[in-house]
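All chains, full assembly: derive it from the sequences and hints.
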Amino acid sequence: MNPGAKELEEVYVGTRDLRQFLTVHDEARITEALDRAQRLKDLIGDHTVWNVNSTAVGGGVAEMLQSMLAFSRGLGIDARWLVINGSPEFFQLTKRLHHWLHGESGDDPELHSMERELYEATLRDNAVALCSRVQPGDIVLLHDPQTAGLASELTRVGAHVVWRCHIGHDSSNAQTELGWDFLRPYINDVPAFVFSRRSYAPSWCAPDRLFVIPPSIDAFSAKNQELDSSTVGSILVHTGLIEGPMPVKGSCRFTRIDGTSSRVERHADVVRLGRAPLYDAPLIVQVSRWDPLKDMMGVMLGFERMIEHTPDEKAELVLAGPNVHSVSDDPEAPQVFEQVLSRWYELPDAVRERVHLVNLPTDDIDENAAMVNALQRHAAVVVQKSLQEGFGLTVTEAMWKGRPVMASAVGGIVDQIEDGVSGCLLKDPQDLDEFAGVLETLLSDSELRRRIGTAARERVRERFLGIRHLLDYADLIESIVS
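Going by the numbering used here, the first residue of the sequence shown is number 9, and it counts up by one from there.
It should be emphasised that the hints constitute simulated quantities derived from the structure, not laboratory data.
Idealized CB from N, CA, C, for every residue including glycine.
Derived CB-CB ranges, DEER-like:
| # | residue 1 | residue 2 | range |
| --- | --- | --- | --- |
| 1 | 322 | 128 | 54 to 64 Å |
| 2 | 164 | 351 | 47 to 57 Å |
| 3 | 427 | 145 | 41 to 51 Å |
Following this line, the structure appears as structure tokens:
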């Protein structure tokens, strides 16, 4: 290993009891999962199931790993999580790959020879550290483009290797082909690929090696656990997101992933003109990374268009993301936030005073999640106006909370929302008039919002909770080991 290379980070994962799901599923479903877990343990014996990705903080992949691995460990499976290291230049390159696989050009539509050399050198160092831990017969799930270059070395040491890609585009274009051309030499011989949608798989991926596993949310995490209205209000007032009665001592409490009780202590960093929204003001909320494909700018401009159409509407807009310097594998965040901020300054005062730009602290992941939970639960409408989307767990999270969601008809979002039933789909995410019109309809009809929210929660309960996800992975591991 190069003298300057850092050691791999192993992320601590606790253990959780699958019987926790008895509050949302019947006993037969739990029994099925427990039986499958025993079969899997008998098959893999003492071998470890490793998960490798590029960040322990920020984004849906990290959140899913924390939950899924804890339940796996609770079932007696030795499931572990490692995070690779890389330079800012490495993560700039892999973010470009991220855009390419979404069919977008990113910061550069071309590939340069020195960047392939950088990619391979970075993963060569990580592979040395990783292969010193992995034993023959272990199962290794590599997540996303950042880890693809590890596959061959892991195969050489006798591991069962799976490459899991959480992103993609429903159709091929010049940019997706460029992304797959870059990645194919590293993963061409991997025995199993996992995608969130079948259409995301490249044409050269053989059907017998392809598994489709949609993501899931953790219904019991700090981000998705039940919070009463008093707790929601207290957290939002304390963090500075809304204005209302000051919270009483102990009223900002939530339950951490390890089961201990805690309290929201930190405050959000908010850019606004004037006061925070009043407690009873309808909030339109988008929570996502500061990523160009999440189109925070477009949400803001769509809100401005709605106010032009209905100047008497009292709703306010909150655009919330993680602190722009907190996610190591997302180097674009500061630039995207600055672009949104610059355009915010150009809004008419009457609109600007109703648009709130929020950076949520990420020093404590569970506390950050509790803030998001409260914000989504308080929202009148949750928006996800992505230009491209691998799956869109922020959509799933809001649906689970019974919120009416208005989201772009792209990627995995269309697998979640039945238009007009469990949410509202935007046919063209860049059409500001469509955005404004659908939003006006939702804000003007409280019964429609209630009906959509109820259907949304049930759809998530049936399709997008952890039990189904664990069973899908059991099928995958049994297939590749057998």
